[in-house]
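Visitor: Chains as they are written, first to last, in my numbering: chain A, 86 to 528; chain B, 23 to 465.
Please keep in mind that the hints were generated in silico from the structure rather than gathered at the bench.
Any given hint could turn out to be false.
Non-contacting residues of chain B with respect to chain A, defined by C-beta distances greater than 12 angstroms in every case (computed) [what the hints assert, rightly or not]:
#1 62
#2 69
#3 82
#4 119
#5 212
#6 254
#7 262
#8 274
#9 301
#10 369
#11 437
#12 450
Cβ pair distances, simulated, as ranges [stated by the list, open to error]:
#13 B/164 x A/315: 30 to 40 angstroms
#14 A/224 x B/317: 36 to 46 angstroms
#15 A/156 x B/70: 49 to 59 angstroms
The beta-carbon is built from N, C-alpha and C at its ideal position, and this holds for glycine as well.
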Amino acid sequence: MESTRVVVTGLGAVSPLGLNAEQMWAGLRGGRCGIGRIGAFDPTGLPCELAGEVPEYRIQDYVPKSHRKAIKLMCRDIELAVIAAQEAVVGSGLVTKAVDPEHVTVEPTRMAINVGAGMIGCDLVELAPAAAASTTDGRFDIRKWGKQGLELITPLWLLKYLPNMLACHIGIIHDIQGPSNTITCAEASAHLAIGEAAQVVARGGADVALAGAGETKIHPLLLVRQHLLHRMTTACGDTPEAACRPFDADAQGSVFGEGAGIVVLENIEHARKRGTRILAELAGIGQSHSIGPAYERLEPDGKGLQIAIERALEDAGIGPDELDLVIPHGTGVPHDDLAEARAIAAALGPAVRKVPVWPTKSMLSTTGAACGALDVIAAVRAMVEGIIPAARNFTRPAEGCCLSIAAELRQARIRHALCCSYTHGGQTAALVIKRFEEGGDNK
Amino acid sequence: MRTPKAYERVVITGMGIVCPLGNSVEALWEGILAGHSGAGRTTTFDASTFPTTFDAEVKDYSVAESVRDSRRHKGCSRGSGFALGAAAQACRQARIDIETAKPGDGIDRARMGIYLGAGEGSLDDDAFFGCIIAGWNAQEQRMAWDRLIESARRQLNATRELEQEPNMAAAHIAALTGARGPTRSCLTACAASTQAVGEAMMLIRWGRANVILAGGAHSMIHPLGVTGFNRLTALSTRNDSPTTASRPFCASRDGFLIGEGAAVVVLESLDSAKRRGVRILAELIGYGSSSDAFRITDMHEEGRGPVQAMRAALADAGLTYKDIDYINTHGTSTQENDSVETLAIKNVFGERARQIPASSVKSMLGHLIGAAGAAELITCVLAIRDNIVPPTINLVDPDPKLDLDYVPNIARRMPVNVVMNESFGFGGQNNVVIVKRWEAENL
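Full structure from sequences and hints, please.
Guide: Spelled out as structure tokens, the structure:
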């Protein structure tokens with residue numbers, strides 16, 4: 086039976102706190118909030134006009150010349166993922182085609198990719214002239230659309246919005262020819278993609294894998310959808326930075342945003358052989374399903390998430406008392422936070438009283454498919470830096486929340502960190518990340 | 023990550039399908055053996071002015087007649103509804119209890135997972151286009167976002183919005199079956215459900231689940247789906263003859279026939295199947311995944327990615343090109359796919375290529391997009407069961423450059439023991455699985 090340990094050797098994060106993992110970590114460490122009034126379009130009329138927006142960038146700066154023509158086929162979700170992948174690859178020290186086509190150091194067929202994606206919202210301005218040309222008495226007329234509206238749509242339109250295109254663009258840019266997948270499990274996508282990619286490496290299907298997810302929720306119709314599902318806060322008034330309050334008594338819902346996170350996963354022997362710095366080990370994967378009375382809510386006792394956490398701990402071969410950090414999904418939607426708190430408490434048992442829980446969405450917002458990847462990157466940085474930052478916007482625990490929310494920044498030797506996520510729909514996921522010390526206790 | 027002491031062998035113990043040839047496995051097979059086409063005029067929306075006015079639709083299907091408690095699935099999308107029907111059939115065949123609240127089938131629900139290659143639910147078209155029209159200021163060529171948002175808040179409906187998310191089909195199956203094991207959903211375009219089956223097999227092989235309901239569900243027969251494919255000129259426009267439009271490997275092929283449906287197979291560890299004494303339909307023995315890493319818009323000219331996926335699947339199964347009796351091709355009826363796929367098969371199978379029957383059931387079923395691979399896998403299992411190879415119908419004018427044995431027009435009786443099933447997605451994600459006859463001597 087062959088299996089191999091899988092380590093993390095590169096990080097790439099594009100988030101409301103900045104265009105790279107360093108900026109995100111600096112923001113999180115300082116308790117900075119990346120949430121503000123939406124600038125991408127005029128949000129007047131949305132129940133919450135706030136979002137976590139990624140700072141401005143020029144996509145050309147992140148795409149090699151050989152692929153620049155394809156930029157016009159990239160929607161924003163794809164762009165964000167491409168930027169994060171570039172940082173992750175460069176940081177890992179791997180030389181792919183995009184880094185230097187003359188001196189590639191990794192065999193393309195031994196690289197895998199798994200990038201989670203959301204249900205991508207298409208550019209409404211792009212569709213508008215076609216829709217406007219297809220009306221009768223002011224209403225949409227499908228016959229006119231078929232005849233004249235359709236002709237106004239750019240021929241390659243569909244290719245911009247297929248969720249698998251995040252992986253395909255990154256795969257072309259870095260010449261990744263091995264196993265490729267696109268997980269589409271909403272906010273659990275990143276953890277499931279990273280978990281599956283780690284399994285691909287562990288079973289010998291690849292030496293290296295790029296994994297994570299990217300998505301933007303900053304789209305008027307996607308935001309209205311979140312509002313209709315009762316997930317969006319309406320308490321956003323004058324203080325955007327206080328709007329998203331996971332596990333807090335005053336929480337009234339989440340704030341949505343955008344981002345992408347990609348990690349480089351690697352067979353430990355492959356990483357050692359090339360002498361790169363190993364940041365952490367991916368030690369455990371767990372997943373399950375929430376089966377509640379309403380699809381868009383986590384079941385009240387959090388059982389599906391509890392099973393995922395228990396499975397991840399079991400997979401990592403550790404007990405709850407060996408955890409030193411939990412990054413929960415923690416969106417700020419009160420009923421979901423409460424169910425998640427119950428799930429964590431049930432899975433951790435007495436250890437829940439001691440293990441610091443550090444929600445990040447008060448600063449990063451809920452970035453759709455991407456959020457799990459940003460949390461994994463935050464966990465790895467926390468582990469490497471030996472710091473657990475303070476939770477933001479947590480002043481008074483919500484009733485029934487029995488977690489030890491990280492109240493202030495502290496130095497900590499983190500042996501293992503747990504990241505959790507779940508979807509509206511029910512998929513749940515948990516990952517255990519393990520500290521890596523060369524020559525240390527890394528059996 | 024924990025490594026099992028020994029790999030579990032993975033067998034198929036149930037199959038279910040809702041597709042254009044009928045809403046049961048036997049109806050599908052009868053249609054295929056008779057060489058029927060599932061094509062007809064588009065009825066799900068008024069496509070009369072579209073470049074393509076026909077498709078292959080699911081007919082006479084009702085969720086309420088397929089599952090015990092259809093209230094639990096009220097308002098589900100077309101694709102999720104198909105998924106429920108296919109899953110229910112598969113469960114019944116595999117003797118998985120979906121009729122009672124406390125199932126007595128001896129399967130631990132925490133060890134039972136779901137893996138679907140599932141597409142988006144269809145848009146709420148009138149509301150969607152209505153919002154755009156309400157917001158568009160044609161004179162100034164700009165969007166009045168407040169008007170669009172106001173219109174969206176009034177017109178969009180929470181359930182219809184939620185049901186557009188691609189992870190919802192898996193959520194409905196979880197509610198149907200109570201599955202609490204690993205649940206994932208992926209969307210690698212036309213390769214999605216083959217990928218789902220392959221990755222699900224890996225999860226069982228590695229001991230992460232005993233049973234997984236794997237397959238796909240998709241309907242892109244909605245205005246924006248058809249618009250997207252029409253603009254790409256990927257669909258056949260043979261409007262005067264829908265039933266002969268899908269003609270894979272013909273010189274006169276002019277695009278694919280868009281279909282819809284769902285297909286689910288019950289994958290089970292051999293151990294679990296034997297313990298339960300359930301009938302084994304076939305063994306799943308190989309899986310290969312790759313990416314072209316070539317271009318977003320085109321396949322690699324020599325089919326580099328498909329070749330690698332086929333070789334990976336053979337290696338995974340411990341077989342060589344000599345062991346395959348039948349190839350169930352991707353065979354879409356587009357100029358590009360059919361010629362690249364033919365080249366790729368020749369590359370892998372060398373001089374044997376022309377001796378192996380390689381047919382496309384898309385000539386009859388149409389292209390079920392995300393659900394295609396799993397539907398085709400079911401035909402592979404039936405081919406083994408009955409020692410009959412499905413035909414490629416409408417093969418009236420063979421393309422002189424394409425010279426494999428495509429099993430023209432008439433199903434062929436011959437010994438079939440090992441079958442390769444191929445699926446290639448837009449953007450270059452390729453997946454191949456290999457299925458083998460189950461006999462006592464397999465032990």
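Visitor: For each hint given before, does the structure comply? Return the numbers of the non-compliant ones in rising order.
Guide: 2, 5, 6, 12 and 15
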